[in-house]
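Undergrad: Chains as they are written, first to last, in the working numbering: chain A, 7 to 234; chain B, 4 to 195; chain C, 2 to 213.
The set of hints was computed from the structure by calculation and includes no laboratory data.
The C-beta atom is built at its ideal place from N, Cα and C for all residues, glycine as well.
Any given hint might turn out to be false.
SDA-like cross-link-like pairs, simulated, lysine to any residue; straight-line CA separation at most 20 Å [to be verified]:
#	chain 1	residue 1	chain 2	residue 2
1	A	K220	B	T57
2	A	K77	B	G58
3	A	K77	C	S205
To list a few chain B residues with every Cβ distance to chain A over 12 Å, as calculated [unchecked claim]:
#	residue
4	G30
5	D31
6	L34
7	T36
8	E60
9	R66
10	E109
11	R117
12	S125
13	R126
14	G127
15	L138
16	L166
17	E168
18	L187
Residues per chain are reported as follows:
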Amino acid sequence: MFVVKTISLPVLAGAAAVLMALAIALIFFYAPTDPDQGLSQRIFYFHVPIALTAYAAFAWGAWKALLHLWKRPHGADLESYVAIHQGVIFGSLTLLTGSLWAKISWGVWWAWSDNQLVLFLVLFLFYCAYFMLRYSVDPGPARANMSAVYALFGVVLIPVSFLAIRLSRSFIHPVVFTSHGPQMTGTQFLTFCVSLAAMLALLATLYQLELAGKRLDAHLRELRELLA
Amino acid sequence: MLSARNLSKRFGVKRVFDRVDVSVVAGDFLLVTGPNGSGKTTLLRVLAGLAAPTGGELELPPRESIGYLGHEPLVYRELTPLENLQLFGRLYRVPERRERIGMLLERFGLWDVRHDRVGTFSRGMQQRLGLCRVLLHEPSLLVLDEPFNALDAAGAELLDETLTELSARALVVATHDPERVEHLATDRLAFA
Amino acid sequence: MNYLADVGALARKDLLLELRAKETVPAMLLFVLSTLTVFHFALPRGTGHVAALGLLWVALVFTALLGLTRAFVPEREQGLMDALVLAPADRSAIWLAKVLAVLAFLGLAEVVALPAFAAFFSGIDGRTVAAVALADVGICAVGTLTGAMAVAGRARELILPLLFLPLAIPVVVGGVGASAGAGGRYLGFLVLYDAVFGLLAWASFEYVVSET
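Just chain A, with the same shape it has in the complex (with noise of 0.2 Å):
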């Protein structure tokens, strides 16, 4: 994401939306249809890039976080709020493609035995609050401060929690699905990995775009200020 900065706007939704195409291209028409689950497979395709890059904003959003309590450069709390925010929305995304994927294969719309999605949906109550937070505090250091300690916490629950919901299988759910994530072949990995850079690339569009509004936001308001 550190090229990120350096490439234009207009570049990034271009090259998003080529990569878009041309994984949409490859996921239905490339890629090999499973054998057992046929074309609702492809969905995955769809659904584990969409939580690699969730994964991958969440990240960026604890970083910047970190930056903004270490360094305190201007703007890191507006960066991570923009990144957690952007996670969440393709955290919604991942819960929602699970939930479709669940249905199409196992007929039911949520499936607890599948590890990945539980962790998301613990993460998505979590940053969830995150939210929460930031509404209720007044726009200010404090602000900041607390969002991005809490950012913190947010990318070391998700190793902690991934453990806890390994552990837990142990006891709760004796039903095991056979699980996604297969061994890929060529074909098939070049698919995942097209669309992986999409996904990317559509959450660096999406980040940029939503970080030169708001801080169009905040130069309207500093230029009301002044000449109020």
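Following the hints, put chains B and C in place on chain A, whose structure we already have.
TA: Using the frame of chain A, we list chains B and C on its own:
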């Protein structure tokens, strides 16, 4: 001691103060005046190191040299004066705590009630205890927001004496009733 | 050492405040007993021991929440956080002192809750007690930090559960697993949780309470 250049403070869109320059050294008495809600309290919080300014440069002495009295006396109501001062004495590493606490309580007329809960006090007595707390660690910079608040005539006189005695230190005092301390002031800052 | 003396003075203050006010601990005691009673009616006949244990953990987490919601009230209501933050003492001492105090309150509530659970439902073994003790540390560490965050904003009591519960999920997993006898690694996991989040909370509390 304390120097501030081009200080500004905003809460979101609302601008509280702008382009404030302050310089205070030992022996100075900065009198900050202005009506309620004009931003005095916010400025004093910034000068005490409690809030960061939105813009400008600020140089402050270390925390152990600053004494701050806010709008509230900042004492625990469920504790006694003795317990309050012992706590802050510990946190501020005050040497010979017991003697100093006793001396302050006596001076401000609180020795007889030192074992009573602060919640039972009048607002004026709580203010006196707040003053004890501020003076406990002998700060070189005192930032006092409306220190005469709620004090009766005797208490106000005590404070007058105290402020005169402290003239060798650096003082920043906000009040909406400046005539009382006008004669002590070396500098003035007026909020509109 | 100065740091420990500060923590001691602050913890003593918190315990004194509760001793005088006598609000939080009685409320926690009554809450946990009422909750366990509700659970009796909520569990259908033939429910296993493990299900009941799960509900014990739910009761403990929510009782802790009750205590944590009150933890910073004196500081925020009387503006005293300013006075504590201004002192030259390390801000993390404020956190540690609060954690010790809330631990004490929670421990007191559990001294009543665990025997009550044993009487209402089924026995408590040593593993469960160990798990509760370890979980308490993590709950108080994380809860005190999020409590300070919650109390800084507008929605206070509303927001603390939202901030706290996702972080409490791993604790519940560790706790239920350990008390259900699913293996010593659950206790190990609780130790890991306590170490990781305790350290993070201790190091980051400074930033939660200072506006500069």
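Undergrad: Test the statement that S125(B) is away from the interface with chain A: the closest C-beta pair must be farther apart than 12 Å.
TA: Non-interface label on S125(B) holds, nearest chain A Cβ at 33 Å vs cutoff 12 Å.
Undergrad: For G127(B), which was marked as not at the interface, is the minimum beta-carbon distance to chain A over 12 Å?
TA: holds (32 Å)
Undergrad: Can we confirm that no CB of chain A comes within 12 Å of the CB of L187(B)?
TA: holds (34 Å)
Undergrad: At 12 Å, judged by beta carbons, does L138(B) keep clear of chain A as stated?
TA: With a cut-off of 12 Å, L138(B) remains clear of chain A, as the shortest Cβ separation is near 29 Å.
Undergrad: Within a Cα-Cα threshold of 20 Å, do K77(A) and G58(B) meet the stated pairing?
TA: holds (17 Å)
Undergrad: Please check whether the beta-carbon of L166(B) is more than 12 Å away from every beta-carbon in chain A.
TA: About 32 Å separates L166(B) from the closest Cβ of chain A, which puts it past 12 Å; holds.
Undergrad: Compute the least Cβ-Cβ separation between R66(B) and chain A, then decide whether it is above 12 Å.
TA: holds (17 Å)
Undergrad: Minimum Cβ separation between E168(B) and chain A greater than 12 Å?
TA: holds (36 Å)
Undergrad: Quick one: work out the minimum CB distance from E109(B) to chain A and report holds if it exceeds 12 Å, violated otherwise.
TA: Consistent with the label, E109(B) stays out of reach of chain A, its closest Cβ about 39 Å off (over 12 Å).
Undergrad: Confirm or reject: E60(B) is not an interface residue toward chain A, with every Cβ-Cβ distance exceeding 12 Å.
TA: holds (15 Å)
Undergrad: Per the stated criterion, does the least C-beta distance between L34(B) and chain A lie above 12 Å, as a non-interface residue requires?
TA: holds (28 Å)
Undergrad: Hey, is G30(B) genuinely clear of chain A, shortest beta carbon separation above 12 Å?
TA: holds (32 Å)
Taken one by one, the earlier hints all hold for this structure without exception.
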